Amino acid sequence: MSLIHTNTRREFLRGLGLGAAVLPFVTGLPSLASPGAPRRKQRLVIMFSPDGVVPPTFWPTEEGETFTFKESLSPLEPFKKQTLVLHGVCDRVRGDGDSHMRGIGCLLTGAELFPGNVQGGSDTPAGWSSGISIDQEVKNFLQKDPATRTRFGSLEFGVMVPDRADTWTRMSYVGPNKPIAPIDNPYQMFNKLYGRAKDQQNLKSVLDDLKEDLAKVRSSVAPADRRILDEHTSLVRQMEADLKANVTKDPGHAFPEIEPGVREDNDNMPKISKLQMDMMVSSFAADFTRVATLQYTNSVGQPRMKWLGINEGQHDLSHEPDTNKDAQDKLTRINKWYCGELAYLAKRLAETPEPGGVGSLLDNTLIVWTNELGKGNSHTLDNIPFVMVGGGLDFKMGRSLKFQRVPHNRLLLSMAHGFGHRIERFGNADFCGQGPLPLTG
Amino acid sequence: MKTPASIPLRQTIPVAAVLISLMALIVAGASGGGQKPTGEQVYRKQCASCHGAKGEGAKGYPKPLAGTLSEGQLAVFIAKSMPPGPRKCSTADSRLVAGFIHEAFYSPLAQERKRPARVELSRLTVRQYRNALADLVGSFRAVGHQDDRRGLRGEYFKANQFRPADRVVDRIDPQLRFEFGAAAAVPGQPDPYQFSIRWIGSVIAPDTGEYEFTIKTDHEVRLWVNDLNRRLIDATVKSGKDNEYRASLYLVGGRAYPLRVEFGKGVTGVNNLEVLKKKPALPATVVLEWKPPGALVSSGIPTRCLAPSFFAEGYSVSAPFPPDDRSIGYERGTTISKAWEEATTEGAIETTGYIAAHLAELSGVKDADPDREKSLRVFCRKFAERAFRRPLTAEMEQSFVGSHFDGSKDLDTSVKRSLLLVLKSPRFLYREAGAASRDAYDVASKLSFGLWDTLPDQALLRAAAAGELQTSEQISQQAARMASDPRAWTKLREFFLQWLKVDAHPELPKDAKRFPGFDASVAEDLRTSLELFLERTVWSDKSDYRELLLSDSVFVNGKLAPMYGASLPADSGFQPVAINPGERAGVLTHPYIMSTFAYQSGSSPIHRGVLLARSVMGRTLRPPKEAIVPLSAELRPDLTTRQRVALQTKSEACMSCHDLINPLGFSLEKFDAIGRFQTSENGKPVVATGSYVTTSGKSVKFTGAKDLAEFVAGSQEAHSAFVERLFHHLVKQPVRAYGPKTLADLTRYFQANEFSIRKLMVEIMARTASGV
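Chains as they are written, first to last, in the working numbering: chain U, 1 to 441; chain V, 1001 to 1772.
Calculated directly from the structure, the hints in this document are not laboratory data. Being a predicted model, the structure only gives us computed values, none of them experimental. Note that CB positions come from ideal geometry on N, CA and C, so glycine has one too. There may be inaccurate statements among the hints.
Said to hold, decoys possible - No more than 30 Å apart at the CA atoms, straight line, and that leaves these computed lysine-lysine pairs for DSSO-like: (1) U:204 / V:1366; (2) U:204 / V:1409; (3) U:178 / V:1542; (4) U:396 / U:80; (5) V:1374 / U:211; (6) V:1409 / U:211; (7) U:271 / V:1409; (8) V:1382 / U:211; (9) V:1158 / V:1080; (10) U:198 / V:1382; (11) V:1291 / V:1559; (12) V:1542 / V:1513; (13) V:1036 / V:1080; (14) U:216 / V:1374; (15) V:1698 / V:1501; (16) V:1650 / V:1701; (17) U:198 / V:1374; (18) V:1366 / U:271.
As the list claims (entries may be wrong) - Rough simulated footprint, nothing fancy, chain V against chain U, three-plus residues with beta-carbon under 8 Å: (19) 111-125; (20) 333-339.
Taking the hints into account, I'd like the entire structure generated from these sequences.
So, in structure tokens, the structure goes:
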């Protein structure tokens, strides 16, 4: 409980010697935003899809609160008021590695790649990123405080990520040279989240048999040896009581049923995507984590979206010139599909009430959808797509914003500040001038 | 072995504690001359009439004297309230009496000792539990056979990939430690810019526990250990200055695990060799090291722990367990605790999870099999039978297998529940449970836990089923077969490390000025040297106990040789060298033992004497009453170590134990704090005379280690002590429970059979398993 008793928030701030001028900054600071009252849970999801976008069918023409979604973003129509589209945010980090490598490796870290032995299609060979990624930075910040600490801290979901660890397949980093492999097998993720609960359920189901067995063995040993088995039996009873107590305490015990036997296969990508998102939503509802990433394939990703009638690989298509109408049309449909997945996640979050809080999970979650490139055929790192949905970080949503080539490090700073983690630099400090992007309105 | 009644406390104390507390000093009655009475005499005179001669109670006070007061508390109580009436026992006498009755019958430990020995129902020890699970899961996989070849198979390729057409060399490399410089790796491989090497084979884990593997390289590398579908280290990406990669894995001792290393020089991703070749070729190194459980430093995996043949993946349960009770000198499972019970639950969950993840492979039942349910039931039945070491009755089959499948649609859950119940059942967890009457399966189980610390293998179960474990001869034959299996060596090796009190893997910090170059890696090499000696001596056909004590050679490599006065080329591997001929005495003077039982700069006759008294001669010593800081050499530079020890322990109180300890330890004084031979100390000649009074009262004198070793090798009580210890290590039940003559019989057998340790092992197990 706070030692300072105040009636209003303004009084409280005055008590701290903070005037009205600092108010906008303070709102981003959860511990000050609502003294005394339980802090709202805040969550961050970073969703990645590869190979750039088709700018004319992606970016809204207008700036401000009145804008129209183009084809690629049309699935977000139902969430328009909760959507913030940022144009003009650029990955300005340079150094070793080709654009695809730096595109994914510097995307969430804002830091250069180390020199290394991975050779891309151009430029110099490179290794891993030299910095921590923003999702892990936020995770560490939340895990430090018992009030925001969760069982996992962060979860890294993947969809059809190739089984090789290299610069193109990793976007989250625990620190320099320490990439995290996303889990793209839904059953592996299920085990991580609910394996324990399932094991305990199985254990409980055999306890009666076990007690019976102990009694039988007891009757067959010498009387002097029964003491140890009696002791054993009472320990089993104790475990039974502990298990019962656990089930009522643990909110994660109600685990979701997931469709069995979905194989990791290109054509199953839509199914896997939904399974992963469903588990993400239930892990938020159980407060297993407040940070999640969702990585579709990899940088240079080559999914073949046959379910859209597209047989070519996405990366191959992304190299086609602007004049190839068919390719541009297919790329638009591909990005619209990713956007549809984003809308599905938003919908699932919006449908799920915030446990013990107000509103829905979406009201307390910010989803950031991004990409390693601005545009596939030019390999530009300018105008990296950043489309955000949800009310997790007090950004003023329902807008289309256009910046003048601002470094994306500033956006990463905004994410940290949105959690009250007021760091001054993230990644390469040269790109952090002027601090976080003003997104709170 | 007879233990004198006055010092019957059997207790192992950690080496660290011993370091500061070994000087025994008995406070009570320390002053004053003349013939002082002993505690026992005082008790007989003043207390026995009311309490009985052995504290069992008498007319005056019928209840037995037993309780939990400490010796000090007891002394205070006696002085205050005994005997009833106005005249109380003197403080000095109270202390004497308390000391006597506490150890003779009052304390819980004394009570425990007094109980008649019997074979107690015991759970598996932690070691047995881990082995049993490894072998239970392993029994569903093809068995590999370790042959004598050692090292790893190395295949060298002239490109940055592993195409058979590019392979230029296929050979066996004894170790994985290469510095290629900027050149190609092998002749025939023309390109210094790009080449790749694949090493395959197995790694043999000597101990159970966490192994840390390290790869040092400035290029691309991947490492698999055990699970060949999961990269333990994946450094396909070389990034920044990172050139050292570590990962840990829990392995079960005495088992071989598949291992693969892939190394590549060049670039990965898009190949642009032309660009690369514009600059000079980079140097290349690749080194594989490990840090076994307890090891002080990471070091190259020794050749004897590498094999070029591939073994099946192994399973090891990593759930942490509370340590077993070793208070009476050997690990035993006669007590359980909540922590243990919880650990068995963790272990069961971990194991069923592993099996579920490998179900198709282990059960041989495909997911799409139309008879899947039926086949999985069979798998679960086999699993239960192997876990319980006997066939299931129809009733058991229903409760352990059938009931979990009946009416279930989710077969994977049925399997998990059946296995969970099996692994939590007392029939798995207790060694002697589940056999209503003794039968052949019981014999099989005793043999396998005794010789291998694990479940019976298929051959043993087949013999039991076929009625071939009936006669003593049949049982001896099986025991003999099993005693030549590597698992028997694993168990014997543990015995010797415990016997020599180095199982805890001591650190050996030494004075850098006196012993320049003696660091942790030298300490590790000395340990290897000891292990090689044990293996070559014990795991040989002769397996002669006397050789252990009398051998005058020491295994040294190029690094150790100059330190111990042997001359070997610097890059020599370990080999036996006779150093200081006529002075060395096997394990008794082995540099690792001498270094362990020593201080940083000086020897420690007391630590050495305690090791000799307890382990070698089987004597029991009580821990000292008070911790005494040893007199430092700087304070008395005029004295030798021997003189300082004699000075500090000369009081009568100390002498009750130190007259046994010191003269044994003194005989090893010619070996300094790192086990080098020395003839003088600070310019004074070293005196290595010693003596020993046998339990029958005969006084023996000797000069130097060799003399001592010859005495031990011919000593009845040393033989008996060794046999008893080995018996307890194998059987994990008190030898007295097998009849009053068993120990003497076995000792005679040992003496009559050229002191063959392996024959003794077989004899002990054949006797106990058949219930003779």
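Cross-check of the supplied hints:
1. Taking the CA atoms of residue 204 of chain U and residue 1366 of chain V, the gap is near 28 Å; set against the 30 Å cutoff, the hint holds.
2. For the suggested pair residue 204 of chain U and residue 1409 of chain V, the alpha carbons sit about 18 Å apart, so the restraint of at most 30 Å is met.
3. A C-alpha spacing of about 54 Å is found between residue 178 of chain U and residue 1542 of chain V, which places the hinted pair above 30 Å, so the restraint is violated.
4. At most 30 Å may separate the alpha-carbon atoms for a hinted pair to count; residue 396 of chain U and residue 80 of chain U meet this at roughly 12 Å.
5. Restraint check for residue 1374 of chain V and residue 211 of chain U: satisfied, since their Cα atoms lie roughly 27 Å apart, inside the 30 Å limit.
6. With a CA separation close to 25 Å, the supplied pair residue 1409 of chain V and residue 211 of chain U stays within the 30 Å bound.
7. As the CA atoms of residue 271 of chain U and residue 1409 of chain V are separated by approximately 24 Å, the hinted pair is consistent with the 30 Å bound.
8. A C-alpha spacing of about 22 Å is found between residue 1382 of chain V and residue 211 of chain U, which places the hinted pair at or below 30 Å, so the restraint holds.
9. The suggested pairing of residue 1158 of chain V with residue 1080 of chain V is violated, with an alpha-carbon distance near 89 Å, which exceeds 30 Å.
10. About 25 Å separates the Cα atoms of residue 198 of chain U and residue 1382 of chain V, which keeps this hinted pair within 30 Å; it holds.
11. Restraint check for residue 1291 of chain V and residue 1559 of chain V: the C-alpha separation of about 19 Å stays at or below 30 Å, so the hint holds.
12. The hinted pair formed by residue 1542 of chain V and residue 1513 of chain V fails the criterion: a straight-line CA distance of about 42 Å is larger than 30 Å.
13. About 22 Å separates the Cα atoms of residue 1036 of chain V and residue 1080 of chain V, which keeps this hinted pair within 30 Å; it holds.
14. Between the alpha carbons of residue 216 of chain U and residue 1374 of chain V the distance comes to roughly 27 Å, so the proposed pair stays at or under 30 Å and holds.
15. Between residue 1698 of chain V and residue 1501 of chain V, the direct Cα distance comes to roughly 28 Å. Compliance with the 30 Å bound is thereby established for this hinted pair.
16. Taking the CA atoms of residue 1650 of chain V and residue 1701 of chain V, the gap is about 20 Å. The hint holds against a cut of 30 Å.
17. For the hint linking residue 198 of chain U to residue 1374 of chain V, the alpha-carbon distance of about 24 Å falls within 30 Å, and the restraint holds.
18. Of the supplied pair hints, the one linking residue 1366 of chain V and residue 271 of chain U holds, its CA atoms being roughly 24 Å apart against a limit of 30 Å.
19. Here's how the region 111-125 of chain U fares: 10 of its residues keep a CB closer than 8 Å to some CB of chain V, so the rule of at least three is met and the hint holds.
20. Only residues whose C-beta sits within less than 8 Å of a C-beta in chain V count toward coverage, and the region 333-339 of chain U has 0 of them, not enough to reach three; the restraint is violated.
In this structure, the hints that do not hold are numbers 3, 9, 12 and 20, in rising order.
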